[in-house]
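Participant: Sequence:
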Amino acid sequence: LILWYRGSTGTPIYSFDARGKSIQQGNHWSDTVLLEKRAYFQLLPGNTWGGSSAPGAHLELFPVQDRDQATYRCRVDYMLSPTKNTIVNFTVIIPPKKPEIYNSTNHLVVGQSGASIIGPYNEGDPLDLICKVTGGRPAPMVTWLVNNEAKKTEVVEEGEGVLSASVRVPELTRRHLHAVLECRAYNFNGSIPVSSTVTLDMN
Numbered sequence: 001l002i003l004w005y006r007g008s009t010g011t012p013i014y015s016f017d018a019r020g021k022s023i024q025q026g027n028h029w030s031d032t033v034l035l036e037k038r039a040y041f042q043l044l045p046g047n048t049w050g051g052s053s054a055p056g057a058h059l060e061l062f063p064v065q066d067r068d069q070a071t072y073r074c075r076v077d078y079m080l081s082p083t084k085n086t087i088v089n090f091t092v093i094i095p096p097k098k099p100e101i102y103n104s105t106n107h108l109v110v111g112q113s114g115a116s117i118i119g120p121y122n123e124g125d126p127l128d129l130i131c132k133v134t135g136g137r138p139a140p141m142v143t144w145l146v147n148n149e150a151k152k153t154e155v156v157e158e159g160e161g162v163l164s165a166s167v168r169v170p171e172l173t174r175r176h177l178h179a180v181l182e183c184r185a186y187n188f189n190g191s192i193p194v195s196s197t198v199t200l201d202m203n
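Counting in our numbering, the sequence shown runs from 1 upward without gaps.
If you are wondering where the hints come from, they were derived from the structure by calculation, not from laboratory data. There's no promise every hint is true.
Calculated lysine to any residue pairs in the SDA-like style (CA-CA distance at most 25 Å, straight line) [what the hints assert, rightly or not]:
no.	residue 1	residue 2
1	Lys37	Tyr72
2	Lys21	His58
3	Lys84	Phe16
4	Lys151	Val109
5	Lys98	Tyr72
6	Lys151	Leu177
7	Lys132	Thr153
8	Lys97	Leu177
9	Lys98	Lys21
10	Lys98	His178
11	Lys98	Phe16
12	Lys98	Asn148
13	Lys152	Lys84
Kindly produce the complete structure, drawing on both the sequences and the hints.
Facilitator: In C-alpha cells:
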C-alpha cells in the first residue's frame, strides 16, 4: 500500500493498493478536488537502488500548477517490513510576465506585444527608461542591456510582485542611432529569460 500526503494534512491525496494482488493489478485512487485528473502513479522498470532489482515508481502530475508547490510525503506499507516514509519538497518555478518599458514621463512604450521604436532624440539628450516586471517565482532578476552589453541597473520593488528597473544614458551621441535597449528578466541563471526591446531613433 502506497499513500501520498500533501503538506501537514493527515488525509492522503493519492493511494496505490496492491495488497493481495500483483503490482500490475493495483488499484489507483486520487483526490479529484485537489489533483483533478492530473495525477497518476507511474510504475517504472526494475532499478538498482541499494542493489535491489525491484521496480521503482513515481507520482506524476501533469500539467503542473502553481498551487502544486508543497511538501509531499510518500508512505509505503509492507506486509513483512516496517513502514517507510519519504519527504519531497516540490518547488514550482513560475516565469515572470513579459517586461513593460516606460519612458521618463511614465508613458508605456513597450507592452506585452513586443518591440518598439522610440524617438527621435537629439544628440546630447539624456535617455531614461524604466522596465516593470510582474510576477515570477522565485523573484526574478532584472537587467538592462544596450546592444547586448549589460548596463548598471537599479532595481526597486514597487509593490507585491512588481519590480522596477531603470537605466540612464546621460548624453546620447550618434553612436546610439538604432541602438537596441533590452530589458531582460529571468528567475535564475540558466533559466529562459523573457525580454522586451526598444530601438532608438535619432534626428
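Participant: For each hint, tell me whether it holds in the structure or not.
Facilitator: Comparing the hints with the structure gives:
1. Lys37 with Tyr72: With a Cα-Cα distance of about 18 Å, the restraint between Lys37 and Tyr72 holds, given a limit of 25 Å.
2. Lys21 with His58: 20 Å, holds
3. Lys84 with Phe16: Roughly 15 Å between the alpha carbons, so the hint for Lys84 and Phe16 holds.
4. Lys151 with Val109: Measuring from Cα to Cα gives roughly 20 Å; hence the hint holds.
5. Lys98 with Tyr72: 32 Å, violated
6. Lys151 with Leu177: 18 Å, holds
7. Lys132 with Thr153: 12 Å, holds
8. Lys97 with Leu177: Distance of about 29 Å is beyond 25 Å: violated.
9. Lys98 with Lys21: 52 Å, violated
10. Lys98 with His178: Between Lys98 and His178 the Cα gap is close to 22 Å, so the pair holds against 25 Å.
11. Lys98 with Phe16: Roughly 41 Å between the alpha carbons, so the hint for Lys98 and Phe16 is violated.
12. Lys98 with Asn148: 18 Å, holds
13. Lys152 with Lys84: 52 Å, violated
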